[in-house]
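These protein sequence lines are chains A, B and C, in that order.
If you're matching positions, the first sequence starts at 1 in this note's numbering and goes up one per residue.
If you're matching positions, the second sequence starts at 1 in this note's numbering and goes up one per residue.
If you're matching positions, the third sequence starts at 1 in this note's numbering and goes up one per residue.
A portion of the hints provided could be inaccurate.
[What the hints assert, rightly or not] Derived SDA-like pairs (lysine to any residue); straight-line CA-CA distance at most 25 Å:
1. A:Lys218 to A:Arg208
2. A:Lys65 to C:Trp518
3. A:Lys65 to A:Thr79
4. C:Lys98 to C:Phe40
5. A:Lys188 to C:Gln534
6. C:Lys98 to C:Asp69
7. A:Lys61 to C:Phe591
8. A:Lys109 to A:Gln123
9. C:Lys569 to C:Tyr422
10. C:Lys78 to B:Arg171
11. C:Lys418 to A:Lys136
12. A:Lys80 to A:Leu55
13. A:Lys109 to A:His76
14. C:Lys418 to A:Glu69
15. A:Lys136 to A:Tyr219
16. C:Lys78 to B:Arg107
17. A:Lys188 to A:Glu24
18. A:Lys61 to A:Val41
19. A:Lys188 to C:Trp518
20. C:Lys78 to B:Phe125
21. A:Lys188 to A:Val141
22. C:Lys78 to B:Leu98
23. A:Lys225 to A:Tyr99
24. C:Lys98 to C:Ala551
25. C:Lys418 to A:Thr79
26. A:Lys109 to A:Pro131
27. A:Lys65 to C:Arg499
28. C:Lys418 to A:Lys109
29. B:Lys110 to C:Arg499
30. C:Lys418 to A:Ala179
31. A:Lys65 to C:Ala76
32. C:Lys418 to A:Lys188
33. A:Lys136 to A:Ala179
[To be verified] Taking CB as the label site, the calculated pair distances span:
34. A:Gln18 to C:Thr421: 26 to 36 Å
35. B:Leu124 to A:Ile202: 57 to 67 Å
36. C:Ala141 to B:Val62: 18 to 28 Å
37. B:Gly72 to A:Ser215: 35 to 45 Å
38. A:Glu112 to C:Val140: 18 to 28 Å
39. C:Tyr558 to A:Asp105: 54 to 64 Å
40. C:Leu31 to B:Phe92: 45 to 55 Å
Source of the hints: derived by calculation from the structure; they are not laboratory data.
Just so you know, even glycine gets a beta-carbon here, dropped at the ideal spot from N, CA and C.
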Amino acid sequence: MVLAVLVLGVVQSVILLQFDWFGEAAATEAAPIDTMMDVTVVISSFIFAIVCVALGYALIKWRAKPGDESDGLPIHGNTKLEIIWTIIPVIIVLGLGGYSWAVLDDIEKTDENALHVNAYAQQFAWTFGYPEDGNKWSEGVLHVPVNRQVIFDLQAQDVIHSFWVPEWRIKKDAVPGLATDAVVTPDKEGTYQLVCAELCGIGHTTMRAYVIVESEEKYEAWLSKQTTEVPTSLLKTKDEYLEAEAKEQEESGGIEGSGVVEE
Amino acid sequence: MESASIAAHGHGHVDEHEHHGPPEAHQSARIDRTILGILLFILSEVMLFGAFFAAYFFLRVVADPASWPPEGFELPVLIAGINTAVLISSSFTVHYALEAIKHNNHRGLKLGLTATWLLGATFLFIQINEYIHIGFTPRDGAFGSIFFSLTGLHGAHVFVGLLLLTFANIRAYRGHFGPAQKDHLGVEVPGIYWHFVDIMWIIVFLAVYII
Amino acid sequence: MAAAIRQPGWYRGAIGLVLGAAFGFGLVIALRAISGLDLFQTEQTGYPHVVVPLITAPFGFLFGFGAFDYWFRWAAGKPTIPEDHSGHGAYSWKDYFKFNTDHKVIGTQYVVTTLFFFLIGGLLALLMRAELAQPGAQIVAASTFNGLFSTHAVVMIFLFIIPVFAGLANYVLPLMIGAPDMAFPRLNALSFWLLPIAGLIFIGSFLAPGGAFDAGWTGYAPLSTGAPLGQSFFNIGVQFAGASSIATALNFLVTIITMRAPGMNLWRMPLLVWANLSTSLLVVGATPFVAGAQFMVFFDRILGMNFFNFLEGGDVISYQHIFWFYSHPAVYIMMLPGFGIISEIISTHARKPVFGYRLMALALIGIVVLSYSVWAHHMFVAGMFSWLRVPIMITTLLIAVPTGIKVFSWLGTLFYGKIHTYSTAMLFALAFIITFTVGGISGVMLGMIPIDIHVSDTYFVVAHIHFVLFGGSVFTIFAGIYHWFPKMTGRMYDERLGRIHFWGTVIGTWLAFVPMHWIGMDGMPRRVADYATQYGDWNLLISVSAFALGAVQLVFLYNMIVSWRFGPKAGNNPWRANSIEWQVTSPPPVFNFDEIPRVVGGPYEYGTPGARHAIMGGEDEGAEVPETKPSTVTAPS
Ligand code: HEA
Ligand code: HEA
Ligand code: CUA
Ligand SMILES: [Cu+2]
C-alpha cells in the first residue's frame, strides 16, 4: 500500500509538474509564487494518492461477495492512528502556512526608489497617472520600465475593481474610499493585459487595459511625449473628497450631503 | 413574528385533552423546550445586533472620522437616559409578575404585566418623539445611518416584545396561567425576551450615546 | 365557497396575498402623502411601491394559508382547538399542498421543492454554459449574463443545498432520535412555506425593470447599492430564506437537545444527528449576519442611508466582512449535514462501526468553531487590514485538519469491513470522498495567500466551488436521497438507472469542472461573458460536459418519479441498518412510534453479535435487555 501511494504520488507529481500552471511569468514576484505552487502540487499529489490508494485498496480487498450477509470486524477506532492523522496534517498545514508567510513577506517588500504609478479604475476603464512626472496620464495603456519596482496606488471612483496582470501574478482590489497598492517588479519586456478581476457591472468583461513593459529609455521617451495631466475629477482621494464636501457644507450651512456615488 | 411564534408555542406541546395522538416525547434535558427555543432565538438576535455593531465598529473606528459623533450631530443624552431608566424599571415589573404567578397571585400578575406594558409603551413613545425632534435623518452621513439602524432595530424589538406582552396581558386578564411552570410559560417566555430587549438597550445606549 | 374562504387554505391564501400587497402599497402611498412626496414617483432605484408590497404580500399569504391561525387563537386568549391531527400525515398528494405539521410530510415537501429549484438553478447554469461555449457574445447580453450567474448561485445555495439538507434531516432526524415529531411542528411548517416564497422572489426578479439582480451571489456594495430594482428582490429573498433556515436550525437544536429517546446520550447519537447539531449551531449564529448585511444594503438603497457610501463616511469593505462572517460558515452549513449522511451510509454498507466515532463528532464541533474564524480568506486581495491576512490564513489551513480526520476515518471505516456496493447511495458516498478531497485541496491552495493573490476571482475559484459543492454537497445529497428513498416512499428505486446516473454524474463532474482549474490559473477571470480565444477549447469541453451532466439528471428524475409510483416494495430495512428509522415501517407510521423506543447501545454496532442500538416499543415485553457495551476488538496488524 505504501508502495502504491508512493508510486501514484510520484507519477501524479511528475505529470502535474510538466504543466506550466500559471502561464508565462514576467515579474520577479512570479518566481517564488510559481515555486510555491509546484511544492503545493507535489504535496497535494501525495495526499490525494493516499486517499485514492486507501479507498481502492479497501474496495479490492474487503468488497463483500454477493449474498454475504456477515458483518465486518467491529473495530471502533485506534487512538494511535487517530493521533497520527491529526498531527501530520497539522504539521503539513503549519508548514505551508509558514512558507506562505515567508513568500508573502518576500513579494511585498518595497524598494525605496520604486516608481509610483497611480491607477484609476472606473466603470469600465483604467487610466494611469505618473506622479513623478507631474501626474501626466495615459488612458487605457500602461507603460512601465523593465527591472524597476513599481508601486501601483489604486483608486476606484465608483465601485470595486481589481487590478490584475496574470503574468505578474499580482492582484489587488481598487476600493472606493480606500487607498490600496500593488507592488510589482516587471522583469520581461512585452505587451500584456491588465484585467479587471472584480465584478463591477455590465462592462466588467471588457474592462481591460494594455500593459507595455519596455526598456528604461523607451519608457522615458514615451513619458516625455505625454502632455495631458490627470483630470481633476479623477484626482480626489477620500480626504480630498471629504474636504470638498466640508467646504460645500459650510457654504450651504447644512450637514446634508450632496455627493452621490455614481449609479 | 418568529419570536411570537416561539413564545406562543409554549402551549403547543402541552396536550390539554385526551385523544389518540403521538406518544409523549421523552424529555432528555432538564430545560423546557420552549425556554430553550427562546434562548436560542435570542442568541440569533444577539448575532443580528452583532452585525450592526460590526458596522458601527467599521464606521467609527476603521473609517475613522474626525470626531464621533461627527460635527453637527447632537444627541439628547438626558432624555435617552431617562428612557433607559424607564425601560430598566420595566424589567423589574415583569420579574415581579412572574414571581407573582409562581405564588398563584393573579392580581400581582396582572399588575406586573400591565405596568410592564405601560413602561414599554412609554419607552417607545419617547423614542419616536426623540426621532422627530432629533434634527437629523437616516440620510445624514454614516452616523445617521448607524444611529437610526441600531436604535431602530432595538425599537422594533421593543415593539415585538410589547406584542408578546399584549398577548400575555390578554390571557392574564382572562384568568389563564397558574403556578406550575408549564402553566405560566406564556408569561415566562415573553419575560425572558423582555429582559433581553432591556439588556440590549443598555448596550446600544452605551455604544451610541455614551462612549 | 364562503366556507372555503374562511377555512385556511389556498383560497384564503390568495385573498391574503392580495390584501397583503394592497396593504403594503397603501402604506407607501400613505407615508408618501404624510411626508409630502409625489404619490407615485418611481424614478429611482428604490421603487417603494414594489418593494414594500413584496414584503407584506407573503405575510398576507401566510396568514390566509393558515400559518398563524393557531397562534392567533392562543394569543387572543381563546381556547385552542384540541389538535385533531388533521395536519398530520399525508393521505393523498393533495395533503402535500397544505399547511401540514408532520415532520415527514414537511421533509418530503422540502426535498421535492428543493429538487425543483435544483433544476432551475441547473438550467440557469446551462444557459450560462451555452453562452460560454465559445468566445465572443452568443445568446445573452453581458447584463443578462451577470444576472444568470447571480441567480444560478443564489438558487443553488439558498433554495437547493441548504434547504434540501434541512428536508432530509427533517424526515429522518426525529425518527433517528426516537422523537414523535420535531419540537415545534408549526414553526417547522412555517419554515418550509417561507422557502417557495423566497424562491418566487428570487426568480421573480427576472421580471423587474433592469433585470434580475446581477451583483453576484455575494452582492458586494457599492455595486449592489447602486444596482437596479432586482437587487432589492435579492435583499428581501435572503431575509425569507434566512428566516426559514434559522427557524429550522432552532427547531433541530431544541429537538436534539430535549427530545432524544431514553438511553440516547450524546455518544450514542448517530453522526447525522451530530452533523445537524453542528450545522444548526452555525446557522443560528451566522445567518443573522447575512440578514444584517442585506438589511444594510436595503437601507442604503431604499432609505438613502450611507453604510457603504464612502463620501458620507461609510465603509465599503465592512460589507464584505459582515457578509463573509456568514458566508464562510455557510459553506460548512452546506457541507456538514452531508458529512453526517456519508457517515451513516459508509458504516451501513461497509457493515462496520464508524471508525473513531468520538473524534468524528469532535471534528464536527472543531469545524464549527474554526468556521467562525476564517471569514476573511475571501478577502485576501480585497484591501482589508493587511495584518489580518496571516492569522486568517493559519486558521483557514487548520480547517483541513478536522476535515482530514473525517476523510481518514471514513477510509478507516472501510478497512476490514464487508463493503457492499450494490446501492447507488454507497457509490455516491465513495465517489464523494475522492471528489471532495480534490475540492478541499484546491481550498487549501486558495488559503495560501501568495497563491490566492494570483488565482482569486478566477475560474480556479469556480472550480473549487463546484468541486466542493457539486462533488461534495450534491453527491452527498444524491447519496442521501438514494439511501432514504425506500424509507420515505416504501418503494425501491431502480439500481440500474441509479448506476447510469452515478457514472454519468461522476464523469460529467470531473470533465466539466477539472479544466476550470487550468483556465483559471492561466488567467481567465470569473464572472465574464466573454474571454480570450485561447481558452475556447477548454470552455467548449466544459460546456459539452455540463450539458451531459444536466441530461444525466433527467435519468435521476425519471428514476425517482417512476419508482415512487411503481417501484417494488422495499421492506422496512433494505440496507440492514441499525439506526432507529429503519426499525419502523416504510414509510413510517403517522406518529412514528406507538411507544418511544429505548436506546441501549451505539448506533453502529455492526459485527458485535447481539449488540442492539434500540429496543422498539412492544418488543421484548418486560424483559430486561442488557445495555450493549462497545466491544474492544483491535485490528489485526
Ligand atoms: C461546500 C462548500 C465549501 C467547502 C466545504 C469549502 C472548503 C474550503 N474552502 Fe472554499 N469556497 C466555497 C465553498 C466551500 N469551500 C465557495 C462557494 C467559495 C467561493 C465564494 C465566492 O467568492 O463566490 C469558496 C472560496 C474559497 C476561498 C476564497 C477564494 C477567493 O475568492 O480568492 C478560499 C480561500 O482560502 C477557500 C478555502 C477553503 C478551504 C481551506 C476549505 C477547507 O475546508 C477544505 C478542507 C478539506 C480538505 C483539505 C480535504 C480533505 C483533507 C485531507 C485529505 C487531509 C489532508 C490535507 C491536508 C494536510 C492539506 N474557499
Ligand atoms: C450548490 C451549488 C452549485 C451547483 C450545484 C452548481 C452547478 C453548476 N454550475 Fe455553478 N456556481 C455556484 C454554485 C453551484 N453551481 C456558485 C456559488 C457560483 C458563483 C456565482 C458567482 O460568481 O456569484 C457558480 C458559478 C458558476 C459558473 C461561473 C460563472 C462565472 O463566474 O462567470 C459556472 C460556469 O460555468 C457554473 C456552472 C455550473 C454548472 C455547469 C453546473 C452543473 O452542475 C449544473 C448541472 C445541470 C443541471 C442539474 C440541470 C438539469 C436540468 C435539465 C437538464 C433540464 C430539465 C429541466 C426541467 C425538467 C425543468 N457555475
Ligand atoms: Cu472593473 Cu470589473
Ligand atoms: Cu470560505
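Hint by hint, here is what the structure shows:
Only pairs whose Cα atoms come within 25 Å are accepted, and lysine 218 (chain A) paired with arginine 208 (chain A) is accepted, the gap being roughly 23 Å. Our distance criterion of 25 Å between C-alpha atoms is broken by lysine 65 (chain A) and tryptophan 518 (chain C), whose separation comes to about 41 Å. Between lysine 65 (chain A) and threonine 79 (chain A) the CA atoms are separated by roughly 30 Å; this puts the pair beyond 25 Å, and the hint is violated. Simply put, lysine 98 (chain C) and phenylalanine 40 (chain C) have alpha-carbon atoms about 37 Å apart, too far for the 25 Å limit, and the pair is violated.
Straight-line distance between C-alpha atoms of lysine 188 (chain A) and glutamine 534 (chain C) comes to about 21 Å, which keeps the hinted pair within the 25 Å bound. This hinted pair checks out: lysine 98 (chain C) and aspartate 69 (chain C) have alpha carbons roughly 14 Å apart, not beyond 25 Å. At roughly 43 Å between alpha-carbon atoms, lysine 61 (chain A) and phenylalanine 591 (chain C) are farther apart than 25 Å, so this suggested pair is violated. Only pairs whose Cα atoms come within 25 Å are accepted, and lysine 109 (chain A) paired with glutamine 123 (chain A) is rejected, the gap being roughly 31 Å.
A hinted pair counts as satisfied when its Cα atoms are at most 25 Å apart, and lysine 569 (chain C) with tyrosine 422 (chain C) qualifies at roughly 17 Å. About 8 Å separates the Cα atoms of lysine 78 (chain C) and arginine 171 (chain B), which keeps this hinted pair within 25 Å; it holds. Taking the CA atoms of lysine 418 (chain C) and lysine 136 (chain A), the gap is about 75 Å. The hint is violated against a cut of 25 Å. With a C-alpha separation of about 20 Å, the suggested pairing of lysine 80 (chain A) with leucine 55 (chain A) holds against the 25 Å cut-off.
Between the alpha carbons of lysine 109 (chain A) and histidine 76 (chain A) the distance comes to roughly 52 Å, so the proposed pair goes past 25 Å and is violated. For the hint pairing lysine 418 (chain C) with glutamate 69 (chain A), the CA-to-CA distance comes to about 9 Å; that is within 25 Å, so the pair holds. In summary, the hint linking lysine 136 (chain A) to tyrosine 219 (chain A) is supported, as the alpha carbons are separated by about 13 Å, within the 25 Å threshold. The straight-line distance between the Cα atoms of lysine 78 (chain C) and arginine 107 (chain B) is roughly 21 Å, inside the 25 Å bound, and the hint therefore holds.
The straight-line distance between the Cα atoms of lysine 188 (chain A) and glutamate 24 (chain A) is roughly 10 Å, inside the 25 Å bound, and the hint therefore holds. Taken as a hint, the lysine 61 (chain A) and valine 41 (chain A) pair is broken in the structure, with Cα atoms around 29 Å apart against an allowance of 25 Å. Straight-line distance between C-alpha atoms of lysine 188 (chain A) and tryptophan 518 (chain C) comes to about 23 Å, which keeps the hinted pair within the 25 Å bound. Distance check on the hinted pair: lysine 78 (chain C) and phenylalanine 125 (chain B) sit about 30 Å apart at the alpha-carbon level, beyond 25 Å; violated.
A threshold of 25 Å between alpha carbons decides the hint, and for lysine 188 (chain A) with valine 141 (chain A) the separation of about 17 Å falls inside it, so the pair holds. Note on lysine 78 (chain C) and leucine 98 (chain B): the hinted pairing holds, with a Cα-Cα distance of about 22 Å set against a maximum of 25 Å. Between lysine 225 (chain A) and tyrosine 99 (chain A) the CA atoms are separated by roughly 44 Å; this puts the pair beyond 25 Å, and the hint is violated. For a cut-off of 25 Å, the pair hint linking lysine 98 (chain C) to alanine 551 (chain C) is broken: about 32 Å separates their Cα positions.
As the CA atoms of lysine 418 (chain C) and threonine 79 (chain A) are separated by approximately 22 Å, the hinted pair is consistent with the 25 Å bound. Between lysine 109 (chain A) and proline 131 (chain A) the alpha-carbon distance is near 21 Å, which keeps this suggested pair within the 25 Å criterion. Our distance criterion of 25 Å between C-alpha atoms is met by lysine 65 (chain A) and arginine 499 (chain C), whose separation comes to about 19 Å. Annotation: proposed proximity of lysine 418 (chain C) to lysine 109 (chain A) is violated, straight-line Cα distance about 57 Å (limit 25 Å).
A distance of roughly 67 Å separates the Cα atoms of lysine 110 (chain B) and arginine 499 (chain C); the hinted pair therefore is violated under the 25 Å criterion. Distance restraint check for lysine 418 (chain C) and alanine 179 (chain A): the Cα-Cα separation of roughly 61 Å exceeds the 25 Å cut-off, and the hinted pair is therefore not satisfied. Between lysine 65 (chain A) and alanine 76 (chain C) the alpha-carbon distance is near 65 Å, which puts this suggested pair outside the 25 Å criterion. At most 25 Å may separate the alpha-carbon atoms for a hinted pair to count; lysine 418 (chain C) and lysine 188 (chain A) exceed this at roughly 59 Å.
The hinted pair formed by lysine 136 (chain A) and alanine 179 (chain A) meets the criterion: a straight-line CA distance of about 20 Å does not exceed 25 Å. Separation of glutamine 18 (chain A) from threonine 421 (chain C) is about 34 Å and conforms to the stated range, judged on CB atoms against 26 to 36 Å. At roughly 45 Å, the beta-carbon separation of leucine 124 (chain B) and isoleucine 202 (chain A) lies outside the given 57 to 67 Å, and the hint is violated. Alanine 141 (chain C) and valine 62 (chain B) have their C-beta atoms about 38 Å apart, which leaves the hinted 18 to 28 Å range violated.
Under the hint 35 to 45 Å, the C-beta atoms of glycine 72 (chain B) and serine 215 (chain A), about 55 Å apart, miss the expected range. At about 50 Å, the CB distance of glutamate 112 (chain A) to valine 140 (chain C) disagrees with the hint of 18 to 28 Å. Range check, tyrosine 558 (chain C) to aspartate 105 (chain A): about 57 Å between beta-carbon atoms, so the 54 to 64 Å window is met. Between leucine 31 (chain C) and phenylalanine 92 (chain B) the beta carbons are some 37 Å apart, a value that contradicts the proposed interval 45 to 55 Å.
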